[in-house]
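Novice: Sequence:
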Amino acid sequence: MHVKQIIIRQPSELADKLPILHDTDPALLLVFGSVEHLSAAGFSEALRNSFPRALLLGCSTAGEINPEGVADGSCTITALHFEHIRLTQGATRLAGMEDSFAAGQQLGREIATAGLKAVLVFGPGVKINGSALVNGITSIIGPEIPITGGLAGDAAAFKRTFTLGKAGVADDNVVAVGLSGEQLRFAHGSFGGWEAFGPARKVTRCAGNILYELDGEPALDIYKRYLGEHARGLPASGLLFPFAMLGEDHNATGLIRTILGIDETTGSLTLAGEIDADGYLKLMHASTDKLVNGAEQAAEAAATMLEMANPGVAILVSCVGRKLVMGNRVDEEVEAVGAVFGNRAVLTGFYSYGEISPFAPGASCKLHNQTMTITYLGED
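Numbering-wise, the sequence shown is residues 2 to 381 according to our numbering.
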């Protein structure tokens, strides 16, 4: 496996920098960039014309991750050349939030192939039920195949995001690549670093990923009381105070849910993934040190799966809420991951509206929020 990467600061630099990747003869281009880059005229056409044999996969971001740290308004393009790994590409239109499960099923059918070992998937960051999307893919390919990736961002505007796939750049496509081959080395890790606070609240009315009531009260009213002055910044300020999903015994299941939208008329909250109708929710908060430690633990979890794998690429998908909490210290979580991998991986990735990964090796795949999720991709 051969990896080469370019970082583009301005859309006008694309044509000049793409030739740097030509000697890689890439089978896959991983692309994570700001909305300005992905929506620039001729962006995907320039990639396709320069590398007609390469599959395109990526999305817009709420911040770009590269070996230098975290950037805003840039685009990182990572070219991957494989000797033995086989790729299968899929893409499907997402008609709306209620179409998420069916879109996942369609995507699963497109990438399902004999010997499928792992899947990379990226979806829109708005008007989507991320957990239903994952469940749809899993229903086709089976729970034993790891799925990792995330939901696109748009610099925390929550208005319009983009993905990049076989149809080019679109604001309503879910895109994926399936990876096959005995020489594939695929590892993953996911960890948060958030802490719960306040009482556990019973979910008394919800539908999918729409939360209507907690303890019999409109969920938005309760949420605003806890946020205080931060409530004026909703829904964006909700990134600072996600929910922990708890079981009936009030013990955390490990899943965190971010607020994607609010509805003043119904008093409801739209979360990034489905809610347990019989469960409890508790608010969460975090410090920079705890989030950096969480990123390090995610990297260590992935690294323990590597054994003696050759150098490859590490795809970091971290929640935009973490970026907002850490502020100008956000580079520290990328540095912590880089310290774990050393020279075994080239770093790329983005800040997202949802992270996709199994909890642990052999566990089922879930949509996470407010985590650092790491995927290592390599080849023997």
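Among the hints, a few may not be true.
Unchecked claim - With a straight-line Cα cutoff of 27 Å, these simulated DSSO-like cross-link-like pairs (lysine-lysine) come out: (1) K167 <-> K203; (2) K167 <-> K18; (3) K283 <-> K128; (4) K225 <-> K283; (5) K167 <-> K128; (6) K283 <-> K203; (7) K128 <-> K5; (8) K225 <-> K167; (9) K128 <-> K160; (10) K118 <-> K5; (11) K118 <-> K160; (12) K5 <-> K18; (13) K18 <-> K128.
None of these hints come from the bench; they were simulated from the model.
Novice: Against each hint, give a clear statement of whether it holds in the structure.
Specialist: Hint check results:
1. Of the pairs offered as hints, the one joining K167 and K203 is violated, with about 43 Å between alpha carbons and a cut-off of 27 Å exceeded.
2. Straight-line distance between C-alpha atoms of K167 and K18 comes to about 22 Å, which keeps the hinted pair within the 27 Å bound.
3. Straight-line distance between C-alpha atoms of K283 and K128 comes to about 24 Å, which keeps the hinted pair within the 27 Å bound.
4. As the CA atoms of K225 and K283 are separated by approximately 14 Å, the hinted pair is consistent with the 27 Å bound.
5. Using a Cα cut-off of 27 Å, the hinted pair K167 and K128 holds, with the two alpha carbons roughly 21 Å apart.
6. Proximity of K283 to K203 is assessed by CA-CA distance (about 9 Å); at most 27 Å being required, the pair is judged to hold.
7. Proposed proximity of K128 and K5 is contradicted: the alpha carbons are some 34 Å apart, above 27 Å.
8. As the CA atoms of K225 and K167 are separated by approximately 42 Å, the hinted pair breaks the 27 Å bound.
9. At most 27 Å may separate the alpha-carbon atoms for a hinted pair to count; K128 and K160 meet this at roughly 9 Å.
10. With a C-alpha separation of about 24 Å, the suggested pairing of K118 with K5 holds against the 27 Å cut-off.
11. Only pairs whose Cα atoms come within 27 Å are accepted, and K118 paired with K160 is rejected, the gap being roughly 34 Å.
12. Under the criterion of a C-alpha separation no larger than 27 Å, the hint pairing K5 with K18 is consistent with the structure, at around 12 Å.
13. A distance of roughly 34 Å separates the Cα atoms of K18 and K128; the hinted pair therefore is violated under the 27 Å criterion.
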